[in-house]
Amino acid sequence: MWGTAPKPALSKAEGPPSERTFSYTEMAIDIAYRSLGFGNFDFPCGPLCPCGERFSLHELQMKNRRTLFLLIVLILAAIYAAHRYVTHTPHVSSTQPHPAPDFNLSQPTGGPSLKLSDYRGKVVLLDFWATWCEPCRAEIPHFVDLQNKYAAQGLQIIGVSMDDSPDPVPAFSKQFKMNYPVVMGNAKIGEQYGGVLGLPIAFLIDRQGQIRKKHIGATEAPVFEKEITDLLAEK
Amino acid sequence: MNATRRFLILSLVSFAISAFAFQASQIATSHTITTDDLVKILQSPKADKPLLIHVGSHVLYTQAHIPNSEYIGPASDPSALQRLRTRVDSLPRNKFIVLYCGCCPWTHCPNMKPADDLLHSMGFTNAKSLYIPNNFGTDWVQKGYPVAKGE
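Here the protein sequences line up with chains Y and V, keeping their order.
Numbering-wise (our numbering), the first sequence opens with residue 561 and increments by one.
Numbering-wise (our numbering), the second sequence opens with residue -4 and increments by one.
Be aware that one or more of the hints could be misleading.
[Claimed, not checked] Cβ-Cβ distance ranges computed for the label pairs, FRET-style: (1) V/Thr81 - Y/Asp662: 35 to 43 Å; (2) Y/Ile589 - V/Leu46: 56 to 64 Å; (3) V/Thr29 - Y/Pro730: 34 to 42 Å; (4) V/Asp112 - Y/Ser583: 45 to 53 Å.
[As the list claims (entries may be wrong)] Think about it this way: if two alpha-carbon atoms lie no more than 30 Å apart in a straight line, the pair counts; the simulated DSS-like pairs of lysine-lysine are: (5) V/Lys144 - Y/Lys748; (6) Y/Lys774 - V/Lys144; (7) V/Lys108 - Y/Lys675; (8) Y/Lys734 - V/Lys108; (9) Y/Lys675 - Y/Lys734; (10) Y/Lys748 - V/Lys90; (11) Y/Lys774 - V/Lys138.
[As the list claims (entries may be wrong)] Among the chain Y residues that face chain V by a calculated CB cut under 8 Å, a handful are: (12) Phe663; (13) Ala690; (14) Asp724; (15) Asn746; (16) Gly750; (17) Leu759; (18) Gly777.
FYI, nobody ran anything at the bench for these hints, they're computed from the structure.
Every residue gets a Cβ at the ideal spot worked out from N, C-alpha and C, and that includes glycine.
Please take these sequences and the hints and turn them into a complete structure.
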């Protein structure tokens, strides 16, 4: 009755025309049907199959079902991870523009110290972060992309590491291909910027050196990009 | 290794990555104390006051910390964990201890769980982790709770 076990591909474009193909929907239905204890779900023959024959999904290659199962597991894992990740709401404030405190901080590699006032005329994204801070690590690749994309228009990202020691910072910078300067922060600069009492915290500073935005907690890249482009467009 | 075993391992790894990425959130609720409850204890003249231990970054500690708390260091660092062990080893195992950090969101804190695990493995029955959902600034300082600065 069942004939030779078919070996369908996942799409109708694969395999010879005489073989039945099954959509992901059909495979999901079969898994659910079997999970409920109703046995195999017998799918009707499709237009490409010999007339009158019915094939059981159970006779499919295990590879197809494994692929679907893995997909379901990965989706569930992603949903679980996202649910666990989103337990806080990043806070952003549009501050009354006020001067960004200048600083003169050393670089972890021992190069010349860096002054914020040297970047007057540019839009500066000042990011307080640390090598052990997981949300910071998630943001940094986006900062690298933004720096590449908008440097010519006047964006300058500066990373202020709040690590207790500069030792891990150079290797971290290299690993994450940080294409913007990194300086070593301390309690003093934290207090100057209103208290850096959690990471990450990012400030957007306009071309006149005024703080315009403060982001507490990890923030999505499109949000930063919109704010950056708005500030770059200001004269 | 056949294909079935391979994909089962990959499935387990997917879940493991998502689970273990968020260490602090794995601390049992019975091991935690909220900021509101801690403040009530600290402000009560009769309540048994805990030994407060900061297990996060020194740069953050010096900007603001809970008054009378001791700094040990980031508990994700084995040397700080050893300092914590040494500090509490001579204490009675029913001593009321509160660990806290507040470096970043609770689900991402790398310091709380190692410290919590250590104290409970040493037999401390009244050790609590201060539940700080966002960070110390948002969940303690901005609420007007008591703060000290410096060393």
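For which of the previously enumerated hints does the structure constitute a violation, in increasing order of number? Checked against the structure, the hints that fail are numbers 7, 10, 12, while the rest are satisfied.
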